[in-house]
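K.L.:
Here is what each chain is made of, one letter per residue.
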Amino acid sequence: MNKLDLFPLMLSLRVAGIATMLAVLAGLPLAWYLARRRGRLADLLDSLITLPLVLPPTVLGYYLLVALGRQSPIGHFLEQQFGLTLVFTPRGAVIAACVASIPYFIKSARAALEGVDRDLVDAARTLGRTEGEIFLAIIVPIAWRGLAAGGVLTFARALGDFGTTLMVAGGIPGRTLTMPIAIYNSILAGDRGMANLLVAVMTLAALAVIFTLNRLQRSFIRGRD
Amino acid sequence: MLEVDIKKNLPGFAIRASFSSGPGVLGILGPSGCGKSMTLKCIAGLVTPDAGRIVLNRRVLLDTSKGINVPPQERRVGMLFQHYALFPHLTVKENVAFGLKHLSRPSREQRVEQLLALTRLSDYAHRLPHQLSGGQQQRVALARALAPEPELLLLDEPFAALDSQVKGRLERELMTLQPQYMGMAVMVSHNLEEVYRLCSRIAVFADGTVLQVGDKEQVVKRPASRTVARIIGIKNLFEGILVASKAAQWEVDVPELGMRLKVRGEPDAPPAKAGGPVVVGIRPADIGVEMDGGDGSPGSPSGREISPGDGETANSCTAHVVQVLEGIDRCTLFLRVAGGAAREDDYHLQADLPRGAGSCPAPGQQCRVYLPQDRLMLLEDR
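Chains as they are written, first to last, in this note's numbering: chain P, 1 to 225; chain X, 1 to 382.
Hints are not guaranteed to be accurate.
Across the chosen pairs, the derived CB separations fall in these ranges [to be verified]:
(1) X:E3 to P:T50: 46 to 52 Å
(2) X:F13 to P:P73: 22 to 28 Å
(3) X:N9 to P:I210: 46 to 52 Å
Below, in silico cross-link-like pairs of lysine to aspartate or glutamate (DMTMM-like), each with a Cα-Cα straight-line distance of 25 Å or less [stated by the list, open to error]:
(4) X:K101 to P:D46
(5) X:K101 to P:D119
(6) X:K41 to P:E131
(7) X:K101 to X:E149
(8) X:K101 to P:D5
(9) X:K167 to P:E133
(10) X:K41 to P:D117
(11) X:K101 to P:D117
(12) X:K101 to P:D43
(13) X:K41 to P:D191
(14) X:K246 to X:D381
(15) X:K235 to X:D63
(16) X:K41 to P:E133
(17) X:K41 to P:E114
(18) X:K41 to P:D119
(19) X:K246 to X:D374
(20) X:K7 to P:D119
To be clear, the hints were calculated from the coordinates, so they are not data collected in a lab. Idealized CB from N, CA, C, for every residue including glycine.
The shape of chain X in the complex, shown without the other chains:
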């Protein structure tokens, strides 16, 4: 169990981080330069917060009110650095053995061999770091961090410096190693996909503050605010007025789209009273798009099926395609809604369609857009 509650003033901004984490991996997600790495350094003891408390498995590592500040050497917290921080003048074996000085020579040798085998590095034991590939270097860094059996492992943007092939493989290795060898870990990343794949819980960070902590499903499905929604990839966000509210069924006027949207949500209170301002959000992949003249033709991409049971005209409108980004697996469409207000951007909605075997729609094409009631989210305007 890790409990963190720290304050640290830095030039330009301040960290006010408060969260706790149990077994498994906690992902700290946030844009670059929001104090995520600094928070990890505070947990490791490499940076001393101005005030606060850090407790790891009932061991108080930091308590500024009691003058406790355990040095990094005694925290039993391992750290994987973004650029690995391997000692360039030491071999792979010497790097891994660096944290095992307390062991006798035979048991040190044994532990190093075990870790090298675990990370598939036995053949490289006598190489120097610069003779290894990026992925191998990362595995050395991992083996070195795990060697002294830390109670907590901190991972600072562990995959940021790797190409995508190596990254995928390392992610799988980390997943297999994690439950057995790491116990508890905290990972910092700006990549939502990465955090979602590897972590069980997510803490969303912005400007040095924790905006939301929780189970990853909960954070992704029910972001607490507009800022969180933006960080977790909800690209379509609109200001609106809540006009009607009854048992988990709300209606919101959205002037930007010129639409009144029906929203079906969790059976709890909406973030505003009727007549109050709210923010409505939807993921690009959750928008249904049906191209005009394209229906029925094989291979033409379409979004979610427009189910007739939802009512013919509810949450749907006509739009035209302003711009298209063609990906390999999907098309990203930028759509302007027919009745929408003028906007700074020249589009209102961003929609991701699975591409299948067909080609992407072309700019200028007309389409019908459908915003499923159960995929829309009501958010607080924070």
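Bound-form chain P, shown alone:
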């Protein structure tokens, strides 16, 4: 049996962590917009956001590959201006995981934000606080449970991503080989022992993360229930 290589696990955790942070940063304003607006634009945006949930991961990966590849305008621009390559790099893995998992955050966050009593926001307005202050001091703390749940789901989805990451980042050993791809490779190579070990590690890591986040989420709740 080969010596256990921890690189894929660490890469997966790092990629999923960064992807989740990006998903929260980009998703929160979008969820806020969707929670408050009704109309054709909001519907269109909602459909676009739901698309990664419905499309097969390989299709999503293919789109990203085409959009971010060296020949594409975006890929070309980034490479010329900043010397950045996205495809077949860990950065590409982050983008793939983020795009595949962001719908989970936006959907949960939207529901959580919609659940915040409008009167609370109105009361805060009559008390002279700006919309930004109200968002941070009232809305986010009250919607915290739903936001945290969305974060956990997003992290779990990002951690487990296979198809999209494989298409965009390629699964290069020691560079972009994430855990799910490493598991696939071990099975393909007939190394059952390695596969079992990696699966167990992956399961434990996922459980530990989710358990911690759940505890964390509970401890943040004040004054509810």
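Please arrange chain X on chain P, whose structure you already have, making use of the hints.
P.N.:
Same frame as chain P, but now just chain X:
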């Protein structure tokens, strides 16, 4: 001074509110769902009317023709929400301090302490809202709204969610706080008693429109129309024809009761010419009732004394009791008048009698009913 003149179209109905208010409390009275709360939200700036103008103490808060719309943050209008809208994750102290961000820390602390003392909440400063009773929550909401010293306080059904004991106490507290700390206030309620007790002026609302604004005495004694009369609790309303009119003394034929009623009113013109249709109204508590065989017997309830000077038969008739609602302090009788026309309801008059120590009359009993001339009102049929 507050001047409001706004229009807002909503699904199902439209608000056309126009009124003004000076120092003291203005009560907006009307049935549920008539646009009262929406009007308050327009004044606070939380909802933007389609058109109109709102001026508070010479400050223009809204003028759609000039494109002025001051955001709620800068209106200096405080609001007390029906369900208090306390921030559930903040302590009492943090809730009250929420609107004091512009103050330095020491003066903020001082102001919060002062308000907590004023609302008797100092012992609860570090509690969370869900750990407080309904009355305490309401006091926190009041302290929070008063903290930034608003020029105008809006109260949206402030007592609707409280039980009657707590309500009575809070009403008294509000009365003592009001002149000193609130200056001007507008209160929305569907409860006439509440509005009458707490407000100096009343605006009667129905279907998004202000039907009548004025001094509370004037509104209650002289409602402008049938709709207003119904909202201010004048349960007995009859269509009639004005037959004779001379110097504040009118006679009205009321076919429903089979009676010709004499009405003595204010010395101004009646709402119709002789021969024209009018509506006659009287409050249940103003009807005199004398039970047959019950006169003189101690403890038997009776309404207003039937004074002999009013003429023996003027405005009186015989009736029998159809139904009785027994309250603790009063009996509500539903009476069918002997010569009255057939009606959809099985009664013609609703009368409230003080109960005293006796029991209420029983259904089926006969009585004499008297409608005092000076308590009858002539109204426009609107």
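K.L.:
Checking one constraint from the list: CA of K41 of chain X to CA of D119 of chain P, max 25 Å. Satisfied?
P.N.:
holds (10 Å)
K.L.:
Are the Cα positions of K41 of chain X and E114 of chain P separated by 25 Å at most?
P.N.:
holds (20 Å)
K.L.:
So if I understand the rule, the pair passes when the alpha-carbon distance is 25 Å or less; does K41 of chain X with E131 of chain P pass?
P.N.:
holds (17 Å)
K.L.:
Is K101 of chain X close enough to D5 of chain P, meaning Cα to Cα at most 25 Å?
P.N.:
violated (54 Å)
K.L.:
Indicate whether the distance between the beta carbons of E3 of chain X and T50 of chain P respects the range 46 to 52 Å.
P.N.:
The hinted range 46 to 52 Å holds for E3 of chain X and T50 of chain P, with Cβ atoms some 49 Å apart.
K.L.:
Does the alpha-carbon distance linking K246 of chain X and D374 of chain X stay inside the 25 Å limit?
P.N.:
The hint holds at about 15 Å.
K.L.:
For the pair we were handed, K41 of chain X and D117 of chain P, check the Cα-Cα distance against 25 Å.
P.N.:
holds (15 Å)
K.L.:
Take the C-beta atom of N9 of chain X and the C-beta atom of I210 of chain P, compute their distance, and say whether it sits inside 46 to 52 Å.
P.N.:
The hinted range 46 to 52 Å holds for N9 of chain X and I210 of chain P, with Cβ atoms some 49 Å apart.
K.L.:
For a C-alpha distance cap of 25 Å, please report whether K101 of chain X and D119 of chain P respect it.
P.N.:
holds (20 Å)
K.L.:
So if I understand the rule, the pair passes when the alpha-carbon distance is 25 Å or less; does K101 of chain X with D117 of chain P pass?
P.N.:
Judged against 25 Å, a Cα distance of about 22 Å means the pair holds.
K.L.:
Could you grab the alpha-carbon distance between K41 of chain X and E133 of chain P and see if it respects the 25 Å cut-off?
P.N.:
holds (21 Å)
K.L.:
Given the hint that K246 of chain X pairs with D381 of chain X, does the C-alpha gap stay at or below 25 Å?
P.N.:
Holds: K246 of chain X and D381 of chain X sit about 21 Å apart, inside 25 Å.
Checked against the numbered hints given earlier, this structure breaks hints 2, 4, 8, 9, 12, 13 and 15; the rest are met.
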